[in-house]
Structures are given as C-alpha cells and as structure tokens.
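Visitor: Sequence:
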Amino acid sequence: MEIGIELELLVLLIIQTVFISAFAKFEIETPLLKKLVKWFIIDAVTIGLYYVIGHWAVIFPIAGLIPGIIVHFNWCKKNKINPWKATPRKRYYQLRGWKWEE
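Okay, so the sequence shown: first residue is 138 according to the working numbering, each after it adds one.
In short, the hints are calculated from the structure, not lab data.
All values derive from a computational prediction rather than experimental measurement.
Some hints here could point you the wrong way.
Subject to a maximum C-alpha distance of 30 Å in a straight line, what follows is the list of computed DSS-like cross-link-like pairs (lysine-lysine) [what the hints assert, rightly or not]:
#1 Lys175 to Lys214
#2 Lys162 to Lys222
#3 Lys227 to Lys217
#4 Lys215 to Lys162
#5 Lys162 to Lys236
#6 Lys172 to Lys227
#7 Lys222 to Lys171
#8 Lys214 to Lys162
#9 Lys172 to Lys217
#10 Lys215 to Lys236
#11 Lys215 to Lys171
#12 Lys236 to Lys222
#13 Lys236 to Lys217
#14 Lys172 to Lys222
#15 Lys222 to Lys175
#16 Lys171 to Lys217
#17 Lys172 to Lys162
#18 Lys162 to Lys227
#19 Lys215 to Lys227
#20 Lys215 to Lys172
#21 Lys227 to Lys171
#22 Lys217 to Lys175
#23 Lys227 to Lys214
#24 Lys172 to Lys236
#25 Lys162 to Lys175
#26 Lys236 to Lys175
#27 Lys214 to Lys236
Simulated restraints on C-beta separations [as the list claims (entries may be wrong)]:
#28 Gly191 to Trp212: 33 to 41 Å
#29 Glu166 to Trp193: 20 to 28 Å
#30 Ile165 to Glu143: 27 to 35 Å
#31 Ala181 to Arg226: 30 to 38 Å
#32 Leu144 to Leu232: 31 to 39 Å
#33 Asn211 to Ile179: 27 to 35 Å
#34 Lys236 to Lys175: 18 to 26 Å
#35 Leu169 to Ile140: 27 to 35 Å
#36 Ile207 to Ala181: 22 to 30 Å
#37 Ile157 to Asn219: 29 to 37 Å
#38 Ala200 to Glu239: 19 to 27 Å
#39 His209 to Phe177: 42 to 50 Å
#40 Glu239 to Leu202: 14 to 22 Å
Quick reminder that beta carbons are idealized off the backbone N, C-alpha and C, glycines included.
Given the sequences, and given the hints that come with them, work out the whole structure.
Guide: Rendered as structure tokens:
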C-alpha cells in the first residue's frame, strides 16, 4: 500500500489541532480572518510542496514550528510574560496592542 498526500494532511491536522489548542490563549483577540489566512498559507505551501518534492513536504510545517517556538519563548521572556499561560494577561494585552476590559 502506497501512502499519498494523506501523510501531509495528517501531519497538518495534528500540528493545527495541537498548536491551535495550546496557543489559543495567545491569539484571543487576533482577528479570525488573520488566523485562517495564516493556516491556509501553511496548508497550501505544504500541499504544493508535496506535488514538487513528495513526502519531504512534511518538513516545511515541522521546520516552521522550531523558529516559531524559539521566537515565542524569547519574546515572552523578554517581555516578562509566562510563555505557557500568557500571564500577566493585562500586560500581554498591552504588548499586543489589544484593548483591556476589566
């Protein structure tokens, strides 16, 4: 049995499920369209790469996670934000330029 594009789709599904759930608290005020466009681009590039380089395409979303996580943790540390909980919440909102409502 030969595996086709199902491998890439499975990897994308797992990455999106885990990371959307894990980092949702960091994207609360981000507009839905911006989040959808970001994931659509990641999916489109990965699927497009599959037709060019085959299963090596799974490296794209996985490799993209590594610098993203490094930047996330460094930014949080620099700005005194808990990288797991996005706390203190008020400070995080201020840094993102979001309106804080009490």
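Visitor: Hint by hint, say whether it matches the structure.
Guide: We went through each hint and held it up to the structure:
| no. | hint | result |
| --- | --- | --- |
| 1 | Lys175 to Lys214 | holds, 24 Å |
| 2 | Lys162 to Lys222 | holds, 7 Å |
| 3 | Lys227 to Lys217 | holds, 12 Å |
| 4 | Lys215 to Lys162 | holds, 19 Å |
| 5 | Lys162 to Lys236 | holds, 15 Å |
| 6 | Lys172 to Lys227 | holds, 22 Å |
| 7 | Lys222 to Lys171 | holds, 22 Å |
| 8 | Lys214 to Lys162 | holds, 17 Å |
| 9 | Lys172 to Lys217 | holds, 25 Å |
| 10 | Lys215 to Lys236 | holds, 21 Å |
| 11 | Lys215 to Lys171 | holds, 25 Å |
| 12 | Lys236 to Lys222 | holds, 19 Å |
| 13 | Lys236 to Lys217 | holds, 19 Å |
| 14 | Lys172 to Lys222 | holds, 19 Å |
| 15 | Lys222 to Lys175 | holds, 22 Å |
| 16 | Lys171 to Lys217 | holds, 26 Å |
| 17 | Lys172 to Lys162 | holds, 13 Å |
| 18 | Lys162 to Lys227 | holds, 13 Å |
| 19 | Lys215 to Lys227 | holds, 16 Å |
| 20 | Lys215 to Lys172 | holds, 24 Å |
| 21 | Lys227 to Lys171 | holds, 22 Å |
| 22 | Lys217 to Lys175 | holds, 26 Å |
| 23 | Lys227 to Lys214 | holds, 16 Å |
| 24 | Lys172 to Lys236 | holds, 19 Å |
| 25 | Lys162 to Lys175 | holds, 17 Å |
| 26 | Lys236 to Lys175 | holds, 23 Å |
| 27 | Lys214 to Lys236 | holds, 22 Å |
| 28 | Gly191 to Trp212: 33 to 41 Å | holds, 35 Å |
| 29 | Glu166 to Trp193: 20 to 28 Å | violated, 36 Å |
| 30 | Ile165 to Glu143: 27 to 35 Å | holds, 33 Å |
| 31 | Ala181 to Arg226: 30 to 38 Å | holds, 33 Å |
| 32 | Leu144 to Leu232: 31 to 39 Å | holds, 38 Å |
| 33 | Asn211 to Ile179: 27 to 35 Å | violated, 21 Å |
| 34 | Lys236 to Lys175: 18 to 26 Å | holds, 22 Å |
| 35 | Leu169 to Ile140: 27 to 35 Å | holds, 33 Å |
| 36 | Ile207 to Ala181: 22 to 30 Å | holds, 24 Å |
| 37 | Ile157 to Asn219: 29 to 37 Å | violated, 19 Å |
| 38 | Ala200 to Glu239: 19 to 27 Å | violated, 41 Å |
| 39 | His209 to Phe177: 42 to 50 Å | violated, 21 Å |
| 40 | Glu239 to Leu202: 14 to 22 Å | violated, 34 Å |
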